[in-house]
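S.K.: Each chain, written out:
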Amino acid sequence: MSKTLFDKIWEKHVITGETGEAQLIYVDLHLVHEVTSPQPFDGLRSTNRRVRRPDLTFATMDHNVPTKDIFDVQDQMSRLQMDTLVKNTREFGVPLASIGDDKQGIVHVVGPERGLTQPAKIIVCGDSHTATHGAFGAIAFGIGTSEVEHVLATQTIWQVKPKTMGIKITGQLPKNTYAKDIIMGIIAKYGVSFGVGYAIEFYGETVKNLSMEARMTMCNMSIEAGSRTGMVQPDQTTFDYIMGREQAPIDFESAKNYWSQFYTDDTNDFDETLTFDVSNLKPMVTWGTNPGMATPVDQSLPAIKNDSDANAYEYIGLHPHMKPVDINLDYIFIGSCTNSRYEDLEIAANMMRGHHLAPNVTAWVVPGSRAIRNRAIKSGIAKIFEDAGCEWREPGCSACLAMNPDKIPAGKTVASTSNRNFIGRQGAGSRTHLASPAMVAAAGIAGHFVDITTDEFV
Amino acid sequence: MEAFVRETGRAVVISNDNINTDIILPKQFLKNILKTGFGKDLFFDWRYNADGSLNEAFELNKPEHQGASILITGNDFGSGSSREHAVWALTDYGFRAVIGGGFSDIFYMNSTKNGLLPIVLPEENRKILRGIQADENIQIDLPEQTVTYKDYTFHFDINSQWKEKFINGEDDIDNTMKYEKLIAAFEKQRPNFG
Chain V
477 MSKTLFDKIW EKHVITGETG EAQLIYVDLH LVHEVTSPQP FDGLRSTNRR
527 VRRPDLTFAT MDHNVPTKDI FDVQDQMSRL QMDTLVKNTR EFGVPLASIG
577 DDKQGIVHVV GPERGLTQPA KIIVCGDSHT ATHGAFGAIA FGIGTSEVEH
627 VLATQTIWQV KPKTMGIKIT GQLPKNTYAK DIIMGIIAKY GVSFGVGYAI
677 EFYGETVKNL SMEARMTMCN MSIEAGSRTG MVQPDQTTFD YIMGREQAPI
727 DFESAKNYWS QFYTDDTNDF DETLTFDVSN LKPMVTWGTN PGMATPVDQS
777 LPAIKNDSDA NAYEYIGLHP HMKPVDINLD YIFIGSCTNS RYEDLEIAAN
827 MMRGHHLAPN VTAWVVPGSR AIRNRAIKSG IAKIFEDAGC EWREPGCSAC
877 LAMNPDKIPA GKTVASTSNR NFIGRQGAGS RTHLASPAMV AAAGIAGHFV
927 DITTDEFV
Chain G
77 MEAFVRETGR AVVISNDNIN TDIILPKQFL KNILKTGFGK DLFFDWRYNA
127 DGSLNEAFEL NKPEHQGASI LITGNDFGSG SSREHAVWAL TDYGFRAVIG
177 GGFSDIFYMN STKNGLLPIV LPEENRKILR GIQADENIQI DLPEQTVTYK
227 DYTFHFDINS QWKEKFINGE DDIDNTMKYE KLIAAFEKQR PNFG
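Heads up: the sequence lines are chains V and G, in that order. Counting the first sequence from 1 gives a position; our numbering is that position plus 476. Counting the second sequence from 1 gives a position; our numbering is that position plus 76.
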């Protein structure tokens with residue numbers, strides 16, 4: 477019987493239970509960070525339980541860490557949360573990449589970078605952007621804090637198998653458009669909840685030609701479409717990325733042979749399918765307060781259709797029929813688990829090379845990990861950002877969710893490579909416009925959004 | 077967790093669609109290392125004015141809605157961040173059930189871990205419920221899978237295992253450890269390439 481990629485991996489992990497009911501699923505990799513782990517460890521302690529598989533668990537710190545001076549944690553609550561993770565991981569024997577460590581960074585950047593993220597694994601983390609890891613052909617999804625405790629104690633999780641949705645992506649990406657624009661374009665077209673209840677597989681020629689970094693960006697934002705899981709079939713690009721990394725399988729050939737059986741036999745087996753053609757895709761920019769409120773950069777902002785649109789316009793301080801080029805920026809933020817990988821920084825740096833930020837624009841460039849930061853310093857990318865007037869920061873979640881000192885001030889407008897433009901997300905009263913790293917970098921130079929597909933830029 | 081079998085209580089209506097977990101509990105409250113005390117910060121940006129005073133126009137702050145245990149809301153409730161703190165804020169405030177047009181998958185699962193019953197009802201049912209007066213009650217009967225208001229009774233669906241879990245209020249981990257032998261056997265046959 478033919479099966480989808482998702483079905484094949486799922487079936488390999490069912491310990492007990494019938495399809496349609498809650499099934500007990502084995503977890504191959506549990507990623508842990510400081511925000512959603514204090515209560516679970518406390519729960520284990522009070523019930524005299526241990527972490528069943530510390531060897532399948534990996535912890536780092538990202539949400540709270542300051543990025544200006546990573547050791548200068550002023551906020552006492554943040555410090556307590558970070559200290560608690562150090563104490564808990566020590567007590568329960570879980571490996572931790574703490575601040576200053578070579579392996580520290582945003583949890584969804586570090587997992588792949590270390591080689592921990594591999595095809596056909598079930599990967600969970602107490603964070604909704606866990607969907608990122610699906611780019612490797614893994615089933616990866618965010619879980620709640622009670623589930624974190626359950627996975628720590630049992631290495632398993634109860635889940636009802638979701639339905640599957642195939643999104644076929646066709647066409648050649650126009651110059652200066654990226655995976656970020658694809659996923660933003662899909663969400664702009666189909667809305668922020670079309671994926672609820674589904675595991676999404678992105679497939680088609682366009683996807684095959686994407687780098688691992690680009691696939692991660694796309695899978696990362698599946699949750700912004702309501703889907704906990706976005707995935708891509710593992711292929712040679714995937715294997716090449718993993719090979720040689722610290723935690724890559726020692727018997728790589730056998731692993732590769734094993735991974736190669738995981739693909740969708742017949743796309744008719746998806747419960748739902750969509751097709752998205754990128755041939756005429758334009759860079760996308762959000763204008764409102766959820767990721768679905770987005771427009772191609774050369775189009776006018778849409779008319780007000782309902783209260784939700786009206787409220788969004790009021791918050792963001794724009795009007796229908798303005799264009800993204802009319803959005804004047806105070807800040808740009810290049811970072812987050814969506815777009816802080818080396819390739820993202822390279823693309824942004826290429827836009828900035830030889831230019832300087834527009835007057836009054838503050839720019840924070842926050843690499844996703846210590847390793848990326850070091851590589852970018854070595855290659856000269858960091859210098860390009862600094863010469864352009866950007867602040868070159870230390871690795872963390874930074875202004876994506878502003879749980880740390882990196883907050884966009886109230887009333888200020890930011891072009892951001894992150895994933896959520898919710899009200900107050902990047903700081904109380906802040907106004908977020910999501911876009912790709914190339915677009916954000918170009919917007920920082922211009923002081924407003926610009927169509928980077930025009931001759932001037934390509 | 078606290079069991080949920082039946083609930084009779086007042087309801088408050090916040091009918092917006094797409095209420096994400098950033099709205100339910102903003103991120104500045106995620107720094108707590110405990111599970112308790114989040115109720116006062118529920119819907120923080122809607123509930124309080126910039127100067128910290130109560131926004132009296134917000135439904136939750138109206139005197140007649142104090143003590144409400146059922147929240148009636150729109151589509152796609154609990155989307156965005158996976159933070160279970162959002163559920164803890166709702167239960168700490170005193171909510172026992174949320175009736176909406178749909179819930180994000182992660183929020184739904186988090187609710188099942190904390191005795192907060194998420195009930196999906198179609199718009200035509202919720203339209204009637206939105207007419208509820210502050211001094212009227214709604215009855216929720218989980219074994220029967222019904223929501224009753226005045227003369228109306230609406231049926232809702234729930235996975236049989238989640239239902240049983242709500243009714244028994246059982247500890248998940250204890251329950252799972254009944255399968256310890258199966259888990260250990262599974263671990264022995266996992267592929268391992270070093």
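Just to be clear, a hint being listed does not mean it is correct.
[Stated by the list, open to error] Estimated spans, in silico, between C-beta atoms of each pair:
#1 G:Asn125 with V:Arg566: 38 to 46 Å
#2 G:Lys257 with V:Pro571: 51 to 59 Å
#3 V:Glu567 with G:Asn137: 40 to 48 Å
#4 G:Arg123 with V:Arg721: 41 to 49 Å
#5 V:Glu497 with G:Arg82: 18 to 26 Å
In short, the hints are calculated from the structure, not lab data. Since this is a predicted model, take the numbers as computed values, not measurements. Glycine included, C-beta positions come from ideal geometry on N, C-alpha and C.
S.K.: Run every hint past the structure and note whether it holds.
M.R.: Hints versus structure:
Distance hint for Asn125 of chain G and Arg566 of chain V: a CB-CB separation of about 43 Å, consistent with the stated range 38 to 46 Å. At roughly 28 Å, the beta-carbon separation of Lys257 of chain G and Pro571 of chain V lies outside the given 51 to 59 Å, and the hint is violated. A hinted range of 40 to 48 Å holds for the C-beta pair Glu567 of chain V and Asn137 of chain G, which are about 42 Å apart. For the pair Arg123 of chain G and Arg721 of chain V, the supplied restraint of 41 to 49 Å holds, since their beta-carbon distance comes to about 47 Å.
Glu497 of chain V and Arg82 of chain G have their C-beta atoms about 24 Å apart, which keeps the hinted 18 to 26 Å range intact.
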